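Number of protein chains: 2
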Amino acid sequence: MALTFVGLGLGVPPHLTLEALEVIRSADRLILDSYTSIIPDALIQFIKREAGDRLKIAERSLLEERSGEILEEASRREVAILVPGDPFIATTHQSLKTEALKRNVKVRVVHGLSIFTAAISASGLHIYKFGRTATIPKTSDVKLVSQPYNVLAENLSRGLHTLLLLDTAEGGVSVGEALNLLLSAEEEFGKGVVRRDSLVIALSRVGYDDSRIVAGSISSIADLNPQQPPHTLIFPGELHFTEKEAMKTYTIDAELVERYTPPNYVKERVERYVGKCRRVIDMVIEQKAADKEFTSYVEAYVEDSWRFMMAGDYTNALLAIGYAEGLLDALKLLGRARFEW
Amino acid sequence: MALTFVGLGLGVPPHLTLEALEVIRSADRLILDSYTSIIPDALIQFIKREAGDRLKIAERSLLEERSGEILEEASRREVAILVPGDPFIATTHQSLKTEALKRNVKVRVVHGLSIFTAAISASGLHIYKFGRTATIPKTSDVKLVSQPYNVLAENLSRGLHTLLLLDTAEGGVSVGEALNLLLSAEEEFGKGVVRRDSLVIALSRVGYDDSRIVAGSISSIADLNPQQPPHTLIFPGELHFTEKEAMKTYTIDAELVERYTPPNYVKERVERYVGKCRRVIDMVIEQKAADKEFTSYVEAYVEDSWRFMMAGDYTNALLAIGYAEGLLDALKLLGRARFEW
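Heads up: the protein sequence lines correspond to chains E and Y, in order.
No gaps in the numbering here: position 136 of the first sequence is 136 in this note's numbering, and each next residue is one more.
No gaps in the numbering here: position 228 of the second sequence is 228 in this note's numbering, and each next residue is one more.
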């Protein structure tokens, strides 16, 4: 008597763990979640052969609205919920687990292969250098792409890699569509992080026999013939030379990989402001708008800002450069200096 | 003729995928990497039984210094490298893969369960809200903990969760040791993000039959009797109510979970500066040190900073509050106002 959540892995029978197969063979009732992700027919047929009429293909209503029935059954018999990937990525299953534990139904978890680590592993990039993950939704409304766009911009500004999953709902988002959505988001939100010549890694069908990985500029990748989903994108941050070596085994543009440095909208902004402040300090000195003590003081903050930026301390870099600008602008507001930024 | 990298999963035979088992049964030569991670004896025995004398337990030298031999053999026969977890988390194996591809040796990857997703899945926290991952090293030098400490502080300031792996080298780092190292790092680096009453999730032996998960304050968790490794820590960021519900099924302090808000050193700093600026503006007005236009202008930036902060736009929040401070400090430097921050 238990409710077992079984991760099915990336979509082909060989991805099942021995533990998953054992549960599929022995549970009294198997419920296959077929709506949170794409499950290839070959996997469904494999499970059907092993499970026979103990298998039920679940629609949303069964898992969400009729969870009471499932929990009641699990208090009497061995019930297993079969879920693509690892079981608790989708919140639906987590709620069911929480509910089961509250009702003292025994819960067991059989972990499965997940695209999160498999895609990172396939890319050859270091997992410790990945920032937050996001999903590109199926949409024509660029506003809905602001979240993944901002996650990407944020990660890039820290030199981190970004894994972007592509929505599988309603036929799914292709690599080309996803890249075009990000280019539109760039036009709309303008942080300067997604350009036609930006480096991107496209992975399709990770873990399948026909999996494919390619790296190149957005424009070259968007034009490639799309394979069947699932698709995944990785935007690299700062690359270690071993990561570049790995990427060179699958890129269509080795030169782009070699000379790559990730765009950094925070650094670019601080850099721009540092340049402006230096120029304005010269004008203030020329106009004799403040004494040497004042201008040296401002100068010190400008140089500090740049040093903080180089050390990756964005908080202090931004505070210092804002402070320096304020000091200089006060001279203008008080009518002591004339300049434009 | 191929070099197959096989992920073994989290350390017990039932975690092997059907694909991994098939390779173990059929490859001409199997090389087990026993040094990048802990491999329990039961798993080694299982593989030995399946592989017999085709199995070789690798020391570091074999995989790193004698990779030429391995690649040469893989150009003639089926050679498999067996690796705990998913194969390409450790850079050693990635280099070998890169080298194989360069020499036109066919490479195949058999993905395995990884602690990265299994731990997140077990915690019930949403994978999309995890920031960068870090490792707590085996050390008594607090300087070596600055990297994971800063990753944690950074993630918390964005409301993100943090997965911290504990080093398994030299007997490994226990949960208690790791938490004490982080408390020492807090004393040293002082961002105010790790306190004895901070909420933390400790996971041990994820995926094993005796896996355990518990959440509570650092001081209560550090005192628990340690299980055998591997251990993992998760520091929660902002919690969705479904995440709180999940955590309540395993916490020893439901009240701590319920009222939890993550520490945010950037927000706290902006908040402090906003307070100071408001106070100084009042003094400037009182001292008639600047006209209404000037003080209203500064005020607008102070309020903007707070609005940016609330919207999660740290870049503009920090720039605006730094700018406001600069404007006010100029009045002081020019001898027009007297105040202390």
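Don't read these hints as lab results, they were simulated from the structure.
Since the structure is predicted, the reported quantities are computational estimates derived from the model, not experimental observations.
Every residue gets a Cβ at the ideal spot worked out from N, C-alpha and C, and that includes glycine.
Any given hint could be a false lead.
[Unchecked claim] Label pairs and their calculated CB-CB ranges: (1) Tyr-265/Y x Tyr-265/E: 40 to 48 Å; (2) Ala-2/Y x Glu-258/E: 34 to 42 Å; (3) Tyr-265/E x Ser-296/Y: 41 to 49 Å; (4) Arg-76/Y x Glu-271/E: 49 to 57 Å; (5) Tyr-265/Y x Glu-293/E: 48 to 56 Å; (6) Phe-241/Y x Asp-53/E: 44 to 52 Å; (7) Arg-76/Y x Asn-225/E: 31 to 39 Å; (8) Tyr-265/E x Glu-271/Y: 42 to 50 Å; (9) Arg-336/E x Gln-147/Y: 27 to 35 Å; (10) Lys-56/E x Glu-170/Y: 28 to 36 Å; (11) Ser-75/E x Ala-42/Y: 30 to 38 Å; (12) Lys-292/E x Asp-282/Y: 30 to 38 Å; (13) Asp-141/Y x Asp-291/E: 43 to 51 Å.
These are the hints, each one checked on the structure:
| no. | hint | result |
| --- | --- | --- |
| 1 | Tyr-265/Y x Tyr-265/E: 40 to 48 Å | 22 Å, violated |
| 2 | Ala-2/Y x Glu-258/E: 34 to 42 Å | 28 Å, violated |
| 3 | Tyr-265/E x Ser-296/Y: 41 to 49 Å | 30 Å, violated |
| 4 | Arg-76/Y x Glu-271/E: 49 to 57 Å | 54 Å, holds |
| 5 | Tyr-265/Y x Glu-293/E: 48 to 56 Å | 32 Å, violated |
| 6 | Phe-241/Y x Asp-53/E: 44 to 52 Å | 38 Å, violated |
| 7 | Arg-76/Y x Asn-225/E: 31 to 39 Å | 35 Å, holds |
| 8 | Tyr-265/E x Glu-271/Y: 42 to 50 Å | 24 Å, violated |
| 9 | Arg-336/E x Gln-147/Y: 27 to 35 Å | 46 Å, violated |
| 10 | Lys-56/E x Glu-170/Y: 28 to 36 Å | 50 Å, violated |
| 11 | Ser-75/E x Ala-42/Y: 30 to 38 Å | 32 Å, holds |
| 12 | Lys-292/E x Asp-282/Y: 30 to 38 Å | 31 Å, holds |
| 13 | Asp-141/Y x Asp-291/E: 43 to 51 Å | 46 Å, holds |
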